[in-house]
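Participant: Keeping the supplied structure of chain A fixed, place chain B upon it in accordance with the hints.
Protein chains: 2
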Amino acid sequence: MLPPVCILGLGLIGGSLMRAASTKTSVFGWSRSDQTRQSALEDGFAVSASLEEALAKAADTDALVVLASPVPTFAPLLRTINDVAPTVRLTDVASVKSMVADLVSQHAPHARFVGSHPMAGTAHSGWRAGSPDLFRGAAWVTCIDEETDIADWLPVAALALAVGSRVVPCESGEHDRAVARISHLPHLLALALAQVGELGGPLAMSLAASSFADGTRVAGTRPELIRAFTETNVPALVDALDDALGIIGVARASLASTGSLVKITEAGHAARLAFDDRGSDLTAVELTGQDLAEQLLAVGSAGGHVTHLTLKAGDPEGALVRALYPSLDGDL
Amino acid sequence: MLPPVCILGLGLIGGSLMRAASTKTSVFGWSRSDQTRQSALEDGFAVSASLEEALAKAADTDALVVLASPVPTFAPLLRTINDVAPTVRLTDVASVKSMVADLVSQHAPHARFVGSHPMAGTAHSGWRAGSPDLFRGAAWVTCIDEETDIADWLPVAALALAVGSRVVPCESGEHDRAVARISHLPHLLALALAQVGELGGPLAMSLAASSFADGTRVAGTRPELIRAFTETNVPALVDALDDALGIIGVARASLASTGSLVKITEAGHAARLAFDDRGSDLTAVELTGQDLAEQLLAVGSAGGHVTHLTLKAGDPEGALVRALYPSLDGDL
Numbered sequence: 193m194l195p196p197v198c199i200l201g202l203g204l205i206g207g208s209l210m211r212a213a214s215t216k217t218s219v220f221g222w223s224r225s226d227q228t229r230q231s232a233l234e235d236g237f238a239v240s241a242s243l244e245e246a247l248a249k250a251a252d253t254d255a256l257v258v259l260a261s262p263v264p265t266f267a268p269l270l271r272t273i274n275d276v277a278p279t280v281r282l283t284d285v286a287s288v289k290s291m292v293a294d295l296v297s298q299h300a301p302h303a304r305f306v307g308s309h310p311m312a313g314t315a316h317s318g319w320r321a322g323s324p325d326l327f328r329g330a331a332w333v334t335c336i337d338e339e340t341d342i343a344d345w346l347p348v349a350a351l352a353l354a355v356g357s358r359v360v361p362c363e364s365g366e367h368d369r370a371v372a373r374i375s376h377l378p379h380l381l382a383l384a385l386a387q388v389g390e391l392g393g394p395l396a397m398s399l400a401a402s403s404f405a406d407g408t409r410v411a412g413t414r415p416e417l418i419r420a421f422t423e424t425n426v427p428a429l430v431d432a433l434d435d436a437l438g439i440i441g442v443a444r445a446s447l448a449s450t451g452s453l454v455k456i457t458e459a460g461h462a463a464r465l466a467f468d469d470r471g472s473d474l475t476a477v478e479l480t481g482q483d484l485a486e487q488l489l490a491v492g493s494a495g496g497h498v499t500h501l502t503l504k505a506g507d508p509e510g511a512l513v514r515a516l517y518p519s520l521d522g523d524l
Numbered sequence: 193m194l195p196p197v198c199i200l201g202l203g204l205i206g207g208s209l210m211r212a213a214s215t216k217t218s219v220f221g222w223s224r225s226d227q228t229r230q231s232a233l234e235d236g237f238a239v240s241a242s243l244e245e246a247l248a249k250a251a252d253t254d255a256l257v258v259l260a261s262p263v264p265t266f267a268p269l270l271r272t273i274n275d276v277a278p279t280v281r282l283t284d285v286a287s288v289k290s291m292v293a294d295l296v297s298q299h300a301p302h303a304r305f306v307g308s309h310p311m312a313g314t315a316h317s318g319w320r321a322g323s324p325d326l327f328r329g330a331a332w333v334t335c336i337d338e339e340t341d342i343a344d345w346l347p348v349a350a351l352a353l354a355v356g357s358r359v360v361p362c363e364s365g366e367h368d369r370a371v372a373r374i375s376h377l378p379h380l381l382a383l384a385l386a387q388v389g390e391l392g393g394p395l396a397m398s399l400a401a402s403s404f405a406d407g408t409r410v411a412g413t414r415p416e417l418i419r420a421f422t423e424t425n426v427p428a429l430v431d432a433l434d435d436a437l438g439i440i441g442v443a444r445a446s447l448a449s450t451g452s453l454v455k456i457t458e459a460g461h462a463a464r465l466a467f468d469d470r471g472s473d474l475t476a477v478e479l480t481g482q483d484l485a486e487q488l489l490a491v492g493s494a495g496g497h498v499t500h501l502t503l504k505a506g507d508p509e510g511a512l513v514r515a516l517y518p519s520l521d522g523d524l
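Heads up: the sequence lines are chains A and B, in that order.
Each residue of the first sequence is one higher than the one before, counting from 193 in the working numbering.
Each residue of the second sequence is one higher than the one before, counting from 193 in the working numbering.
In case anyone wonders, no lab produced these hints; they're calculated from the structure.
Among the hints, erroneous ones may be present.
If several chains are the same, the list does not tell them apart, and a pair holds so long as it fits within one copy or across any two.
As the list claims (entries may be wrong) - With a straight-line Cα cutoff of 25 Å, these simulated SDA-like cross-link-like pairs (lysine to any residue) come out: (1) Lys216 <-> Ala251; (2) Lys455 <-> Asp431; (3) Lys216 <-> Ser240; (4) Lys455 <-> Asp435; (5) Lys455 <-> Gly393; (6) Lys455 <-> Gly438; (7) Lys455 <-> Glu423; (8) Lys216 <-> Arg229.
Same shape as in the complex, but just chain A (with noise of 0.2 Å):
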């Protein structure tokens, strides 16, 4: 079910992914950079320095090509798709998916698209920092839209599990929205942190410790890093800047006016609990048939994700599909 794989773009992620899935099937990829190039070369894999030759050649061997570059490079890199390999299978790995799918259906719109993103990723970049087990437990998004075919997902979500990966299948609006929470939102509050923290001066600075370390952690990460992902998620975004501003708005007028702050420390607290505890409720299902995407978005949207994946015997676009899935909420 795993096709060949070829990799546009070579740093952390694409990197990473080359060097993880190379056990499993026939990989190559492209770079535009000289150095990753010669550095991925050195290390023994297959990489070019012309795009045209690597579409033609993901073109001749049907093989998934992963779009790991920046997003601000996708759209020449679809256009060249498009001349070159215009129904290719294609998936990215970018962290936002809406905006992501409008560029393909603009630039590339005879591709065969499945949008995913690992929710992976350390404090380093480039070729260098790569590392084969970088997806190993982590969640791997792939999106099943309305327009989504499942024997284009199929291979999206094989990669990812080769990889080490938990497939997460959600719609690409879906996607956006959770993220927009769990990981734009703790930036952009790390990085009011900081600042909030610096305007009491170096002796706050000098008494800060570990709340304050974790809280701000993330500011560390590059602007123009924080900004690609955050500006292309904007409707998302402000509906969670919203609800945090609500939420802090009211623990602000309940302690100037009460002094209480009875009621964001229970309910935060008990989120918190309910965040250690996520995933305690699953257990196994198996899913097949002629709706399995509804199946395997309400696996996704349930907190659930896909362990397996097997083609049925004697129907090449039929699959038998295992997932974990929360208990409580009985059978699909």
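Facilitator: Chain B only, in chain A's frame:
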């Protein structure tokens, strides 16, 4: 310079202090809990079941009494101190300082009081969670207010140095304003973030990774502990909340109207880098003389700290203080 130490309350902080100080001076204490007393006695420490007895011994030996129980217990403890040992040397280790100074003025006005706050802790509590190394390398605030006699400040600073802390002198109000920003606000932002994430449902929880886990970590603290310090530091915390609401609100408006987050990302990243760099410009200075209090406060305000204390030969009240102070600010 370090007198005997009498610790009232033997939880995480009091119990760690008893262990840490015991190699440097004579240490004894009191706990209201049978189980804590039993554990401490088994570990070889002198712990009384009678508060009056412990305080009488403190008065006899001119010991430094350390209030290490929760703030709500301070008023009755202070009334007993005023009855049994009214002019005793006294400090506390609570995370708010103005409010404790008010309680002491009200209930034990003759005590030789200097408030203090070790910026140390773990997620655990109780005698058994304690460690003699808890204070090593931590900032330990020692308050100097208008009415403070440096002769009373010296043993408190000596205790903090004896257990391996950096001694940060500052006014009570300065402390409260600083910790509102670098400790109390981080707790409220973590509590808000946990709730905004939970509003994203099970999908958001299953996708949450390190930025969410780090950003909500302190929301795992028990609500009554968070309320104990936030609700006793109202004006300073309201100011910090207003700064946070302002910065987040401006970012929200900018994102919604222009799609840009350039301001918050650049300023927040620079603030985090400044935090990482704190203390890099400190050089050794020596302080002494009649205006020692002013010199010490200048050190703390500038982000410096005290490293050594020695008494001056033939002058029981005179001290020589070595400290680290930002070199760019020049001489004191």
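Participant: Against each hint, give a clear statement of whether it holds in the structure.
Facilitator: Hint by hint, here is what the structure shows:
no. : hint              : result
1   : Lys216 <-> Ala251 : within (20 Å within a copy, 75 Å between copies)
2   : Lys455 <-> Asp431 : both (21 Å within a copy, 20 Å between copies)
3   : Lys216 <-> Ser240 : within (20 Å within a copy, 67 Å between copies)
4   : Lys455 <-> Asp435 : both (15 Å within a copy, 21 Å between copies)
5   : Lys455 <-> Gly393 : between (30 Å within a copy, 20 Å between copies)
6   : Lys455 <-> Gly438 : both (13 Å within a copy, 22 Å between copies)
7   : Lys455 <-> Glu423 : between (32 Å within a copy, 12 Å between copies)
8   : Lys216 <-> Arg229 : within (22 Å within a copy, 61 Å between copies)
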